[in-house]
Amino acid sequence: MILKSSKGFTLIEIVIVIIILSIISAITIKFLVDGLRIYTMTVNQKTLFDEGKLALERMCRDIRDARSITTPAAGGSGSTITVLRSNATVQDIADESITFRLTGSTLEKVKASPSATSTLAVNVSTFTVTRGDVATNNENEITLVVTLSLVGSDERVTLRTKVYPMSLLEDVQATYKNYFYCWEEVLS
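In terms of my numbering, the sequence shown opens at residue 111 and continues consecutively.
Warning: the hint list may mix true and false statements.
Unchecked claim - Label pairs and their computed distance ranges (CB to CB):
#1 L269 <-> L142: 30 to 36 Å
#2 E167 <-> I134: 47 to 53 Å
#3 T181 <-> V143: 46 to 52 Å
#4 A226 <-> R177: 15 to 21 Å
#5 I203 <-> T271: 21 to 27 Å
#6 L164 <-> V261: 16 to 22 Å
These are computed hints drawn from the structure, not numbers from a lab.
Each residue gets a CB set at the ideal place from its N, CA and C atoms; glycine is no exception.
Given only the sequences and the hints, what does the whole structure look like? Please build it.
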């Protein structure tokens, strides 16, 4: 007499368990890989954003304190802006010519005297400066656009801002934006 034992699993039960565990594992691994990819992308974009924001902040402060804008001409645009700074700061002297330009993938601040070049941002793919047009009565409004991108990845951040010099010696049209050389930023 042969006794049938009900202990153990059949081959079909084992195969079904393996298939179910494989499906659950594949979904879990896909979730983890996607989460890691999104985290890496976010960290890269935050790095680019922080670098671009700091560069724009520095440029806006210097342009806001400009006595005159040399480059670009009214209605023009380019990858360079040159201003004559009005007031002295810790790093700059009064009445100093300052140029912001894109050299390769580096955004630079160039001071005339003493001659010095400092890096504002790296990984810059485009830098565009647009000056308002006389016909639209906003010739002293400056639009800055900076695009930063990491080499070897798809992460790209574009920042755009408008700035108006507060200390212009003269303005074609008197506006609330110009203090006619009576504006000075005070650091506390």
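Inset, instruction - Using the beta carbons of E167 and I134, state whether their distance is inside 47 to 53 Å or not. - result: holds (49 Å)
Legend entry - Hint check for V143 and T181 - Cβ pair distance inside 46 to 52 Å: holds (48 Å)
Legend entry - Cβ separation of A226 and R177, checked against the hinted range 15 to 21 Å: holds (20 Å)
Inset, instruction - Take a look at whether the Cβ-Cβ distance between I203 and T271 falls inside 21 to 27 Å. - result: With a Cβ separation near 26 Å, I203 and T271 satisfy 21 to 27 Å, so the hint holds.
Legend entry - L164 paired with V261, Cβ distance criterion 16 to 22 Å: This hint holds: roughly 20 Å between Cβ atoms.
Legend entry - Beta-carbon spacing of L269 to L142 - inside the hinted bounds 30 to 36 Å or not: holds (32 Å)
The structure fails none of the hints (numbered hints given earlier).
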